[in-house]
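A.B. asks: Chains as they are written, first to last, in my numbering: chain C, 257 to 670; chain W, 257 to 670.
Hints listed in this document are in silico derivations from the structure and should not be mistaken for laboratory results.
All C-beta atoms, glycine included, are put in the ideal place defined by N, C-alpha and C.
DSS-like, lysine-lysine: derived pairs with alpha carbons at most 27 Å apart: (1) W/LYS284 with W/LYS439; (2) C/LYS404 with W/LYS303; (3) W/LYS485 with W/LYS404; (4) W/LYS310 with C/LYS404.
What follows is a set of in silico ranges between Cβ atoms, one per label pair, in the way DEER data are often shown: (5) W/HIS578 with C/ARG273: 45 to 51 Å; (6) W/PRO384 with C/ASN645: 28 to 34 Å; (7) C/ARG647 with W/THR618: 38 to 44 Å; (8) C/GLY575 with W/HIS578: 19 to 25 Å; (9) C/GLY344 with W/ALA342: 35 to 41 Å; (10) C/GLY344 with W/GLY620: 46 to 52 Å; (11) W/ALA357 with C/GLU579: 53 to 59 Å; (12) W/ALA349 with C/ARG429: 51 to 57 Å; (13) C/ARG647 with W/MET257: 36 to 42 Å; (14) W/GLY289 with C/SER450: 40 to 46 Å; (15) W/ALA357 with C/THR486: 52 to 58 Å; (16) C/ASN645 with W/TYR280: 27 to 33 Å; (17) W/SER350 with C/ASN645: 35 to 41 Å; (18) C/GLU490 with W/TYR280: 42 to 48 Å.
2 protein chains.
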Amino acid sequence: MKAEIIAVGSEMLTPFRQDSNSLYLTEKLNEIGVTVAFKTIVGDRKKDIAGAIKTALGRADIVALMGGLGPTEDDLTREAAAAALAIGLRRDASQVAALHARAATWRITMPENNLKQADILDGAAILPNPNGSAPGQWIDTTYSGYRKLIFLIPGPPNECCAMFDAECMPRLRAALPVRYIAKRTLKAAMIPESQADKLAAPIYTTFTDVETTILAKTGDIQLTLLCTKTSLEEAQRRVDELANKLEEVLEEWLYSSEGESLEQTVLDYLGFRNATLAVAESCTGGMIAQRITAVSGSSRSFLGGAVVYSNEMKTLLAGVDHELIERHGAVSQEVARALAEGIRQRTGSTIGVGVTGIAGPTGGTETKPIGLVYIAVSDAQKTDCLERNFRGARDRIREWATTQALDLIRRRLM
Amino acid sequence: MKAEIIAVGSEMLTPFRQDSNSLYLTEKLNEIGVTVAFKTIVGDRKKDIAGAIKTALGRADIVALMGGLGPTEDDLTREAAAAALAIGLRRDASQVAALHARAATWRITMPENNLKQADILDGAAILPNPNGSAPGQWIDTTYSGYRKLIFLIPGPPNECCAMFDAECMPRLRAALPVRYIAKRTLKAAMIPESQADKLAAPIYTTFTDVETTILAKTGDIQLTLLCTKTSLEEAQRRVDELANKLEEVLEEWLYSSEGESLEQTVLDYLGFRNATLAVAESCTGGMIAQRITAVSGSSRSFLGGAVVYSNEMKTLLAGVDHELIERHGAVSQEVARALAEGIRQRTGSTIGVGVTGIAGPTGGTETKPIGLVYIAVSDAQKTDCLERNFRGARDRIREWATTQALDLIRRRLM
Chain C
257 MKAEIIAVGS EMLTPFRQDS NSLYLTEKLN EIGVTVAFKT IVGDRKKDIA
307 GAIKTALGRA DIVALMGGLG PTEDDLTREA AAAALAIGLR RDASQVAALH
357 ARAATWRITM PENNLKQADI LDGAAILPNP NGSAPGQWID TTYSGYRKLI
407 FLIPGPPNEC CAMFDAECMP RLRAALPVRY IAKRTLKAAM IPESQADKLA
457 APIYTTFTDV ETTILAKTGD IQLTLLCTKT SLEEAQRRVD ELANKLEEVL
507 EEWLYSSEGE SLEQTVLDYL GFRNATLAVA ESCTGGMIAQ RITAVSGSSR
557 SFLGGAVVYS NEMKTLLAGV DHELIERHGA VSQEVARALA EGIRQRTGST
607 IGVGVTGIAG PTGGTETKPI GLVYIAVSDA QKTDCLERNF RGARDRIREW
657 ATTQALDLIR RRLM
Chain W
257 MKAEIIAVGS EMLTPFRQDS NSLYLTEKLN EIGVTVAFKT IVGDRKKDIA
307 GAIKTALGRA DIVALMGGLG PTEDDLTREA AAAALAIGLR RDASQVAALH
357 ARAATWRITM PENNLKQADI LDGAAILPNP NGSAPGQWID TTYSGYRKLI
407 FLIPGPPNEC CAMFDAECMP RLRAALPVRY IAKRTLKAAM IPESQADKLA
457 APIYTTFTDV ETTILAKTGD IQLTLLCTKT SLEEAQRRVD ELANKLEEVL
507 EEWLYSSEGE SLEQTVLDYL GFRNATLAVA ESCTGGMIAQ RITAVSGSSR
557 SFLGGAVVYS NEMKTLLAGV DHELIERHGA VSQEVARALA EGIRQRTGST
607 IGVGVTGIAG PTGGTETKPI GLVYIAVSDA QKTDCLERNF RGARDRIREW
657 ATTQALDLIR RRLM
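So that you can see chain C by itself, here it is in the shape it has in the complex (with noise of 0.2 Å):
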């Protein structure tokens, strides 16, 4: 089954910004076994939108169409759609009732203009928005001899996401025929992306049942397999065959089976080891902090971090030795040590980890060139120091030395 889904909003056709619902849309769509063959991006213009219902109409079974469901002169979705489907657009009596009660809990005039979205196409099913004022619509029928299913819901995020899968889930369900989903997510770290898939497209190719995506992003590589079939257990069978066969490829670098980001476990190591940790950050300048504590409850394990960007820094809240920065440089193994040892020391942490490097653009040399980072975790019985060269911008030698960190201390508490 093939759908499309329409956008609808002169906003995203700017270099400003995008639509992403339909991220949403297609993860659930394919759940059910729909397959998302096309997506249109269309200004408010009923022409272009007609046009583009019409289009899709022709090439697809599923017609989704976001937005231009509200009150302003620029809401045209609903006008278009009666044009390009040929059928009558009519005031509802109960959707007027309904905006009128609205606006008196909101203690305002409604504008006429409001009533726009009382106006619900012919054969449509109303669709409540408990989140907003303008109702979806869903409409069952027949084009150029064909069953289209067209669904009509809102663009603002929370409102277009609540309303696909509290109304337009169980009426997809319902018209398609039966079919169950197992899902999993399995997560690898510092594995380049080549390698994992030397390691894993031999054994995911013979599951052609199964779909495997492999997604890589600094550091980080995500598999995510997705299998259809009318029996759960046998979904789920399959889904976890394949998962373990690659759990054992993968070998340690896998850190998640269940789709878990590489933070959260490794605070669940911490916790399970009840284990404490600290860090300090020269040329991440917060970013392992961050990425930590961006996880709920990550106070219990992580007792917080000093972000050295100055050598006397370095001295002051990590205690490195101003000599040793003097010999050695602050980018040096001796330092990113320094840190790591000096932090647990000073914190009492059971872990203490330590990284100096050049982001650049600018600091490069010859004998430590830009992307050049140093990563030492240390513990009550070693302290280890890996070398790394990053390639690319600021951002992502940074953001591939923090995943670097976090899988090191993963791996010292594995």
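Using the hints provided, position chain W relative to the given structure of chain C.
C.D. replies: Only chain W this time, still in chain C's reference frame:
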């Protein structure tokens, strides 16, 4: 002049990837007076791509095709364009030679399949690709009696944008009427979007020849002014005229008249005043440090910071009196002030910042709800503290608090 951008690639019809090249192309096209009227995303099926091209030729003057130019079986944009335009596709000898030369440089044997990248549409100009193996193609033709400009460029962002700039823009400029563009970006912090619009709308709506776009993001308001004229001076004059009037009403909320980021503005002020900064962050967990250190050269004014997640760290790294925390609680005006003063004194910075709050989703109480944040800024003269109640999820609260802290530093330096 109307354009349609077609992004080709099945990966952009999954929940995982999104076309983003089109934002860049849109910005550039707008600057030469071209409106993007439609965007279409289509998968790697020849029939679908050809259909999308035909639809685009029926509703746009300029058709930009991105992606599907590589060497694999899934790269079908060339074949689809030939079918849609009913023209031939011929292997170009000079391109075959170039592909062989490229393979020789890389010391690899070129697979036979690679040669399809040398297939050129009849009448097309070849667009060189310094960043990859697939050349682009430019077609200036007539379709159903109308002139159409069509170009095929690669999908990877670095290849796509570079080729568009170097090859397509000059050709488009030559084909379109001469126009000059002036552009300015104003930025304001911590002003509610509705208030910004209330102040700005009465002004910018009278400048009908300047296109004003307002974009709001967690405490940051961006106003982009764009004016296209047949004379550059006239366009610049109108943009500056509007910018000056907007600057007046936005008063001290305005932090940039030329598009700099808030953190860049803070660093500019610090440099100008020969001042240094250090931060002690609790709920923002390193986000302030991370945003500041994202700017290259920040080390000149930013000494560093302490991420003081636990009470012990607040005492240890920022010298906050243990009893003060016991008496008022970690989330209190008193502790925020002590953090700011403590980190300033300890590091010897000109300005010290302290942030403490409840980012949620847990930890809120009736008197100290989720979203309550205290932000203090301290220098040798005084320490100010602001109490704010931010709404939203954990990440948004942290982002709001970070922007608020940066804005307070800016206001202190103004």
